[in-house]
Amino acid sequence: MAKNIQVNIVEEKTKGGVKSRRLVAYIVLGITCFFCLIWFYVLLINATRYHGEIKSGFSALPSSYLFYNLKNALTGTKPILQGMINSVIISTCTAVLCVYFSAMTAYAIHAYNFRLKKLIFTFILAIMMIPTQVTALGFLQLVDNMKLNDSFIPLIVPSIASPIVFFYIKQYMESSLPHELLEAARIDGAGEIRIYNTIVLPLMVPAMAVQAIFSFVSSWNNYFIPALVLTKDDKKKTLPILIAELRNTDYANNDLGKVYATIAFSIFPVIVIYLILSKYIVGGLAAGSVKG
Amino acid sequence: MKKKNRSVVSYNKWGYIFLIPFTVTFIIFQLIPLVSTVVNSFYINYRDGLETVVKFNGVQNYVKIFTEDHVLRNFGNTMIMWIMGFIPQIVISLLFAAWFSDPSLRLKGQRFFKTVIYLPNLIMAAAFSMLFFTLFAQEGPVNNIMESIQRLFGVLKEGEAYTPYDFMAHTGSVRGLVALMNCLMWFGNTTILLLAGMMGIDTSLFEAAEVDGATSNQIFWRITLPILRPILIYVMITSLIGGLQMFDVPQILTNGSGQPNNTSMTLIMQLKAHLYSKNYGVGGALSVILFFITGILSLIVFKFNGRTDEYGKA
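In order, the protein sequences belong to chains A and B. Quick note: the first sequence uses this note's numbering, first residue 1, plus one each step. Quick note: the second sequence uses this note's numbering, first residue 1001, plus one each step.
For the record, the hints were derived by calculation from the structure and aren't laboratory data. Bear in mind the structure is a predicted one, so any value in this text is a computation, not a measurement. Yeah, the Cβ is synthetic: ideal placement off N, Cα and C, and Gly gets one too. Treat the hints with caution; some may be incorrect.
If you anchor each label on the Cβ, the simulated ranges turn out as follows [what the hints assert, rightly or not]: (1) B:I1087 with A:G30: 19 to 25 Å; (2) B:L1072 with A:N149: 44 to 50 Å; (3) A:I89 with B:P1088: 33 to 39 Å; (4) A:M146 with B:N1262: 44 to 50 Å; (5) A:I187 with B:W1221: 54 to 60 Å.
Okay, chain A solo, but in the shape it has when bound (with noise of 0.2 Å):
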């Protein structure tokens, strides 16, 4: 009480300086969120606009060529479709491994003890920052030995180990998994496995859940190792890989109408999704990081 009779005091003595000042954030925040949108904006006007009429010049108002211009994107010589379909089978699949055996990782040193425990934990932490791309050689070169050329196997197995993960989804279970719910279970006779499965992943669902969101999106935005794995079969690339070749062939003779519907394409359902989940998104970041 005491103290909020002190901040209104304080506050009674600066109320223009901080209602002006309040004006000035929104401003500064508004044409800040314009910069962010505009660009979007854009692309989803002229997604929707003749090749010659985004000749002529630049429109705030849509036009109604949005279904032609998508038809030509789709049916054009890059399998966009497909692409995108590869996409969603690689990007879930890296986001159900990653989450599924970081956590198992994360329990494995936070629930045992065992004499190398410190020194494992101290190493994953050391590799975190290490990026994919200084060992991409020695992987290509695996990849080509192995023959998986062209196989979505070396995008999507690795992420089982990803040290980040692993971190964000230790830290949550330090503050929600009790250990004496997990002496509870083996008193009930529950093997590791059982209770790992049945007791431990359910308590994670949480921070599991804003981590596959994360590996999900930085899957699907991959660009570098996919591009050098996925090399041949034009039937198994990946989005960015096809909207990269978007911009290696002539680009002067492209119908405009289809470069901005293919752009769109991609970028617009990750934007639907992003709206629907923002809040555990954005929330699920400042928890990680607060911890972190």
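Chain B: place on chain A using the hints.
Using the frame of chain A, we list chain B on its own:
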């Protein structure tokens, strides 16, 4: 801390069992590739007729990337584009985080603003880059709008033709576009990180300062920033590590050419070119150098992480 009784000890072998998937995957897909990358960096391979010849090459590959392969130039390009994007990013993020966390401002619609500013982070960099390429093309909407503005203000006379600005032909504009995209994609993420740090600061510090008559400017510079220092350094170094990996945006914007005149060629674009042409010796040497740079930077982050943890517990 955790007192173990005898019966629990026998369960502990399960710790190792549950670690098997991670360990096996790590060894196969990360450790072996890392070792073979390092080994490759000391060999040279070239085609002789139909056969690929592999020969030991000592440190020649390392010499080559510095003398012929312009690794320093590309490192410079990468750093310039990173800094051009990072400075506005950290300034905007600090400002927004300070506003969002300021109790006296009581901004409404915070969730809306956070949702919008984080949105670009989730967009596929490849598609975002392609979009910018299309928007900033000579016949693209940005040039159209610039033309309209010039006509509106009479810079262009009636009947005078507009010469479109070729964004892809100037060093400044290509680097600027890359920086703009990186900034747009990452400032929301940084804002949320810094905001979390600011929310963690004991509010009684602010209240005490306010009672003592400190202005919000003074509070920001004298209290918030010093306390935030570890998080700021963490943000900066992780962003630097991300910056060194800069690839998708400049690669697709310039179609891998690093135009104009290789001034937007980044380290990873160079690596990708070597990998694509199976130039494994030089590519390996480049990877090893990148590995050491990120390794050193990670160690610094690692140290700071330890310190922030201690701070959080204290």
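Cβ distance range 44 to 50 Å for L1072 (chain B) and N149 (chain A), holds or violated:
At 34 Å between Cβs, range violated.
May I ask you to test the hint 44 to 50 Å on the CB atoms belonging to M146 (chain A) and N1262 (chain B)?
Since M146 (chain A) and N1262 (chain B) have Cβ atoms about 35 Å apart, the given range 44 to 50 Å is violated.
Starting from the hint 19 to 25 Å, judge whether the C-beta atoms of I1087 (chain B) and G30 (chain A) obey it.
Holds: the Cβ-Cβ distance is about 22 Å, inside 19 to 25 Å.
Is the distance from the Cβ of I89 (chain A) to the Cβ of P1088 (chain B) consistent with 33 to 39 Å?
holds (38 Å)
Using the beta carbons of I187 (chain A) and W1221 (chain B), state whether their distance is inside 54 to 60 Å or not.
For W1221 (chain B) against I187 (chain A), whose Cβ atoms are near 57 Å apart, the range 54 to 60 Å holds.
In terms of the numbered hints stated before, the structure departs from hints 2, 4, listed from lowest to highest.
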